[in-house]
Amino acid sequence: MTNRYRSVFDIIGPVMIGPSSSHTAGAVAIGHVANRLFHAPIQEVVVRYFESFAQTHRGHGTDYAIISGVLGFDPADRRVPMAVDLARRLGIKIKFIEDQHLSPIGHPNTAAVTLINAEKEITVWGCSVGGGTIEIRKVDLNGLVFAPQGPLPILFVTANQPIGAALDQLFAANYRRPRVTHRLADHYIYQLDLLDRPFPEQLIQARGMSQDAILL
Amino acid sequence: MYETIADLVTMADQTQRPISELIIEQEIQLSHSSREIIWATMGKNLDVMIAAAEKGRTGQGVQSATGLTGGEAVLMAKYRAAGKTLSGDTMLRAVENAIATNEVNASMGIICATPTAGSAGTLPGVLSVLKERLNLTRNQQIQFLFCASAFGMIVANQAMIAGATGGCQAEVGSASAMGAAAAVEVAGGTPQQSAEAFAMAMSNLLGLVCDPVAGLVEIPCIKRNVVGSVNALTCADMALAGLTNKIPADEVIAAMKRIGQDLPTSLRETGLGGLAATPTGIKMKMKIFGEDVSIHSEAGPDEGRES
Chain A
709 MTNRYRSVFD IIGPVMIGPS SSHTAGAVAI GHVANRLFHA PIQEVVVRYF
759 ESFAQTHRGH GTDYAIISGV LGFDPADRRV PMAVDLARRL GIKIKFIEDQ
809 HLSPIGHPNT AAVTLINAEK EITVWGCSVG GGTIEIRKVD LNGLVFAPQG
859 PLPILFVTAN QPIGAALDQL FAANYRRPRV THRLADHYIY QLDLLDRPFP
909 EQLIQARGMS QDAILL
Chain B
2 MYETIADLVT MADQTQRPIS ELIIEQEIQL SHSSREIIWA TMGKNLDVMI
52 AAAEKGRTGQ GVQSATGLTG GEAVLMAKYR AAGKTLSGDT MLRAVENAIA
102 TNEVNASMGI ICATPTAGSA GTLPGVLSVL KERLNLTRNQ QIQFLFCASA
152 FGMIVANQAM IAGATGGCQA EVGSASAMGA AAAVEVAGGT PQQSAEAFAM
202 AMSNLLGLVC DPVAGLVEIP CIKRNVVGSV NALTCADMAL AGLTNKIPAD
252 EVIAAMKRIG QDLPTSLRET GLGGLAATPT GIKMKMKIFG EDVSIHSEAG
302 PDEGRES
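These protein sequence lines are chains A and B, in that order. Quick note: the first sequence uses our numbering, first residue 709, plus one each step. Quick note: the second sequence uses our numbering, first residue 2, plus one each step.
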């Protein structure tokens with residue numbers, strides 16, 4: 709029992725542009741995660757596909773779906789089928805690679821999405837597990853590697869001071885597994901794998917004591 | 002969370018409430034949302050489903066960008082209207098709406114995934130018949146979707162609902178079983194009868210492979226939804242008549258999972274086996290993509306892999 713599906717709207721939904729919930733709507737969601745983690749102007753996108761994604765991304769519209777997510781579109785946005793052209797017109801360099809290896813995160817519907825600009829580079833390894841639901845199993849933020857368990861929501865908090873205990877107080881009842889802390893030279897990054905979406909007021913409190921809190 | 006169908010049936014019997022109500026309660030708890038918001042959201046999903054089927058079966062219908070599929074829901078609508086049919090108006094209504102929905106999906110129109118986009122036509126096909134036969138109100142149609150989602154969530158968590166991991170049995174098979182169970186509830190059957198309908202519908206579609214031509218959600222996906230809808234209705238009728246599956250629903254789900262794991266990769270949404278590998282299927286793929294994408298692909302350096 710994985711309990712990765714926790715809402716009736718994971719099953720009846722999403723409302724989306726076709727043709728495939730895993731290869732289109734799920735791909736939008738993976739692109740969206742990359743977009744939210746990057747939150748800066750994008751110069752270059754590299755999408756690396758594995759297994760089923762590598763074999764069928766063209767037929768399923770996975771290319772425009774991932775780029776839609778990177779641009780921040782909703783899966784039911786009318787612009788979804790035109791996303792690759794729209795992004796190129798914005799001056800974003802885009803490359804798709806069909807990798808013949810097995811998925812490095814152990815799922816046939818895997819895409820690794822890399823976003824680059826002059827200051828930074830991030831890669832998100834996501835898999836689309838069916839019906840539009842995704843998991844994020846690996847994230848590389850400028851060389852710092854995180855390995856979340858997979859299911860969303862995942863909360864990344866960046867702070868200049870140690871706030872682990874305070875985060876535990878806010879979210880521990882909702883932890884999917886214990887908090888992960890990365891201590892860097894001048895700041896801390898906390899990765900929280902959550903069971904359910906946190907209450908809005910909890911997020912406001914987390915933002916209040918940190919530099920940045922990104923909910924995936 | 003409800004983890005098995007047996008749990009759902011037991012709780013429904015103990016509390017004398019329908020399965021749709023149990024899952025709404027769970028949703029309120031887990032989503033920190035209200036009943037009104039959850040109900041209205043499901044109502045919007047119903048509207049999307051109705052609009053998609055309508056779009057596919059009226060006027061000229063829709064065509065996919067590849068030109069492989071489209072316009073067949075309209076053909077079926079004309080045939081049904083002429084009245085001289087073999088399977089009768091009721092069954093063909095399901096056929097027409099299932100095809101219409103998946104044609105809209107293939108044409109990149111807006112649909113509601115139930116539980117996936119490839120299987121999006123199955124529940125609308127079932128619902129179109131129930132609405133007509135049982136005079137379902139809008140609220141009863143929403144209740145149908147909640148009940149279907151309760152069963153679908155158990156399949157999704159205990160097994161899988163993606164063609165890439167479980168084959169078509171995990172998509173159309175799951176959708177059909179969800180539709181059968183929910184049809185029993187809105188028709189006034191017992192929770193156990195819902196479970197039997199579910200078990201029969203899923204058992205009937207075990208082993209169904211995912212072999213889309215050119216990797217597109219068109220052939221054979223669109224017409225497989227017809228099988229899903231028709232199977233759901235007949236299994237719901239069997240359960241309401243008192244027939245049982247003998248193998249319990251939860252064990253059928255476990256069997257579906259094992260079969261999915263045993264399926265070779267070529268039959269799990271890679272477009273490499275089954276109908277996709279027929280001479281005509283390969284010809285269609287070459288025509289659309291101008292090359293065989295399974296042969297010409299860049300291996301790429303090994304970056305991004307776990308060391």
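One thing to keep in mind: the hints can contain errors.
Pairs of lysine to aspartate or glutamate, DMTMM-like flavour, derived with a Cα cap of 25 Å [stated by the list, open to error]: (1) Lys801(A) - Glu827(A); (2) Lys224(B) - Asp238(B); (3) Lys45(B) - Asp904(A); (4) Lys85(B) - Glu133(B); (5) Lys803(A) - Asp771(A); (6) Lys45(B) - Glu55(B); (7) Lys56(B) - Asp785(A); (8) Lys288(B) - Glu133(B); (9) Lys288(B) - Asp771(A); (10) Lys45(B) - Glu829(A); (11) Lys284(B) - Asp771(A); (12) Lys801(A) - Asp782(A); (13) Lys247(B) - Asp90(B); (14) Lys288(B) - Asp782(A); (15) Lys224(B) - Glu4(B); (16) Lys284(B) - Asp785(A); (17) Lys85(B) - Glu37(B); (18) Lys801(A) - Asp876(A); (19) Lys56(B) - Asp782(A); (20) Lys288(B) - Glu752(A); (21) Lys846(A) - Asp793(A); (22) Lys45(B) - Glu133(B); (23) Lys828(A) - Glu909(A); (24) Lys45(B) - Asp793(A); (25) Lys132(B) - Glu55(B); (26) Lys132(B) - Glu37(B); (27) Lys247(B) - Glu37(B); (28) Lys803(A) - Glu752(A); (29) Lys828(A) - Asp785(A); (30) Lys56(B) - Glu4(B).
If you are wondering where the hints come from, they were derived from the structure by calculation, not from laboratory data.
Structure-based check of all given hints:
1. Lys801(A) - Glu827(A): holds (16 Å)
2. Lys224(B) - Asp238(B): holds (22 Å)
3. Lys45(B) - Asp904(A): holds (23 Å)
4. Lys85(B) - Glu133(B): Given pair Lys85(B), Glu133(B) holds - Cα atoms ~19 Å apart, limit 25 Å.
5. Lys803(A) - Asp771(A): holds (10 Å)
6. Lys45(B) - Glu55(B): holds (15 Å)
7. Lys56(B) - Asp785(A): holds (18 Å)
8. Lys288(B) - Glu133(B): violated (42 Å)
9. Lys288(B) - Asp771(A): Holds. Lys288(B) to Asp771(A) sits at ~20 Å (cutoff 25 Å).
10. Lys45(B) - Glu829(A): violated (39 Å)
11. Lys284(B) - Asp771(A): holds (23 Å)
12. Lys801(A) - Asp782(A): holds (22 Å)
13. Lys247(B) - Asp90(B): Answer violated: Lys247(B) to Asp90(B) is near 31 Å, above 25 Å.
14. Lys288(B) - Asp782(A): violated (31 Å)
15. Lys224(B) - Glu4(B): Between Lys224(B) and Glu4(B) the Cα gap is close to 32 Å, so the pair fails against 25 Å, i.e. violated.
16. Lys284(B) - Asp785(A): violated (33 Å)
17. Lys85(B) - Glu37(B): Distance of about 45 Å is beyond 25 Å: violated.
18. Lys801(A) - Asp876(A): violated (41 Å)
19. Lys56(B) - Asp782(A): With Cα atoms ~22 Å apart, Lys56(B) and Asp782(A) stay inside 25 Å; holds.
20. Lys288(B) - Glu752(A): violated (31 Å)
21. Lys846(A) - Asp793(A): violated (28 Å)
22. Lys45(B) - Glu133(B): With Cα atoms ~20 Å apart, Lys45(B) and Glu133(B) stay inside 25 Å; holds.
23. Lys828(A) - Glu909(A): Distance ~31 Å between Lys828(A) and Glu909(A) Cα, so the pair is violated.
24. Lys45(B) - Asp793(A): violated (30 Å)
25. Lys132(B) - Glu55(B): Answer holds: Lys132(B) to Glu55(B) is near 14 Å, not above 25 Å.
26. Lys132(B) - Glu37(B): The given pair, whose Cα atoms are some 23 Å apart, holds under the 25 Å limit.
27. Lys247(B) - Glu37(B): Roughly 39 Å separates the two Cα atoms, so the pair is violated.
28. Lys803(A) - Glu752(A): holds (8 Å)
29. Lys828(A) - Asp785(A): Violated, because 28 Å separates the two Cα atoms, which is more than 25 Å.
30. Lys56(B) - Glu4(B): Given that 25 Å is the threshold and the Cα spacing comes to 37 Å, the pair is violated.
The structure is inconsistent with the numbered hints 8, 10, 13, 14, 15, 16, 17, 18, 20, 21, 23, 24, 27, 29 and 30, although it conforms to all the rest.
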